[in-house]
Amino acid sequence: MALQEELTIDRRDIRTMPRRRGLLLPQALGYAAMLLTVLIIGLPIYWTVIASFKTTAEIYRIPPTWFPLAPTTTNFVAAWEGAPFARYYLNSFITTLVGSSLEVYFAITSAYALAFLRFPRKNLIFIILLAALMIPAEITIISNYLTVARLGWINTFAGIIVPGAAIAYGTFLLRQAFLSLPFEVLEAAKVDGAGHLRTLTNVVVPMAQPAIVTMALLSLVAKWNEFLWPLLVTNTAEMRTLPIGIYWLRNQEGVINWGVVMAGSLFLIVPVLLIFLWLQRYIVEGIAAGAVKG
Amino acid sequence: MAQALNNRGGVSAGERREWLLFGLLLGPNMLLFAVFTYWPLLYNVYLSFINWNFVRPRRRWVWFDNYIKVLTNDQFWIIVWNTFAFVLLAVTSTLVLGLLLALLLNQRLRYRDSARAVIFSPVVMSGAVIAVVWSYIFDPRYGLLSQILGWVNISSPDWLNDPRYALLAVTVVYVWKNLGYAVVIYLAGLQGIARDLYDAAHIDGAGAWERFWNVTLPGLSPIAFFLSVTSLLACFQSFDITKVLTNGGPANASTTLIFYLYDLGFVSYDAGRAGVVAVILFLIMLVLTLVQVRFTERQVQYG
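Just so you know, the protein sequences line up as chains A and B, in that order. Each residue of the first sequence is one higher than the one before, counting from 1 in the working numbering. Each residue of the second sequence is one higher than the one before, counting from 1001 in the working numbering.
Simulated from the structure, these hints should not be mistaken for laboratory data. Possibly wrong hints are sitting among the right ones.
[As the list claims (entries may be wrong)] Residues from chain A that keep clear of chain B, each with C-beta distances beyond 12 Å, as calculated:
(1) Trp-80
(2) Gly-82
(3) Ser-180
(4) Pro-206
(5) Thr-236
[As the list claims (entries may be wrong)] Distance windows between CB atoms, simulated:
(6) A:Phe-157 x B:Val-1080: 34 to 40 Å
(7) B:Tyr-1111 x A:Asp-192: 49 to 55 Å
(8) A:Trp-66 x B:Arg-1195: 40 to 46 Å
Note that the structure is predicted; figures quoted are calculated from it, not measured. Backbone N, C-alpha and C define an ideal beta-carbon position, used for all residues, glycine too.
Please model the entire structure based on the sequences and the hints provided.
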């Protein structure tokens, strides 16, 4: 499969050959492999969608049906009423938006300071910040739980948000972006008498907007999907975020009521998928850019 | 920087203002890191030397007792084995399948952008909810998988409750979710390989396989290295799929080190042993990161 493109440039210059001939078989194999992959990735999602529209009787029919015989929305209603999903949505929106805003704010201010301001031993500070990338949140859970408990933050938004609000990777990405801005523009701002804060808000942020948008999107997705920490610091249904709520819904209704559980899962998956399809370019390119530079 | 300051002797008022602004802009971020990232690291080391159940006020300093307790426990070594089996299987399958798919999607095929979007989409979905969806797929009676196995007349095992299959099930779901990330990174790498290299190889009379081995693979090696280290680190941290799909069971069959840390801390309330596992996990990640830094530096020097 991989050789297909290579084969086509054999003995002929690719630029003089707009159409490939005599390669129907490799091409057909290429499409077959692509279709197979899309099926493997897509089928579980399709299975979730159809299950959420099936009646309970149909879900437990053997053999299963590949298209709901009598599509119904009762599962969605049952899921919404079986657990406080409105509250889950609210909690998820608050923790995601506030958490990501903090991350974006910290990344912008930290990156500006590290890129443009003088400070003794600035490089050492940058290295200390980067070293935080090496320490996964998962190994800090015990200490952070005790800290949050001592602060009285169990079952609060502050408890969910604050321990994860600091940002190293985004700071690193934005610092790179800020340093690659045209020097003349920054100089011009200085000549015009703009102080650092004015330069930051009126020149640097607008010019580095694509990098900031990418960073913000990655942050939003990560916060929306966060599981371990909100699971630990919440122990009442009113404070649960969507992933935790769906986990508990599965524990309550799984096996006996798969349709309701799948409908609940869609409550979380659909918004993120829509945003992904809409802004796919930024997310995918941001991830790829981080890798190629890193 | 510090030297430049010393040479100048005094520090101007303007520069002092800049220091203050620097502190105001970077300070809150660094403070949060100090409290919620660096302090826990030290605290884990402290915990690993004491005997404590989180509730009783009394904490007893026990030196290396916790280390001995953890390291001489058979269960710990089963969990270490699980962790490495999971990490190696997940990383190699992600790297190999990801490369094949990236090579495929790098061809001029129609709909390849849509295919890429589909393959990448699980990456942005919640791991916990993906695991919820897959627990239905693995359902031995009504799941998608039992249906597909039924076509070839194989009766479905109880994937999640059978110690032989539980860890494999977690691995499959992990790879399914994260494959798209590897594909996107490889594709970026493939696009970075200079067209000229292929043309030169072609002029030298290199065949398709030779070009693949001598141009594509070496050109991809830095990216593949980056991917292997980041995937290794991510695998060691993987928690949500295990928690939701198998809860580490049955009987520890799918417990990995990160899950063990959670279990010791938040289920068994054994602060000391949890501290030991946290220290061990950190050391593993530290070594992996240092390897990456060293290798990347060498790349820059000779590359």
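Okay, which hints does this one fail, numbers in order? Failing hints: none at all.
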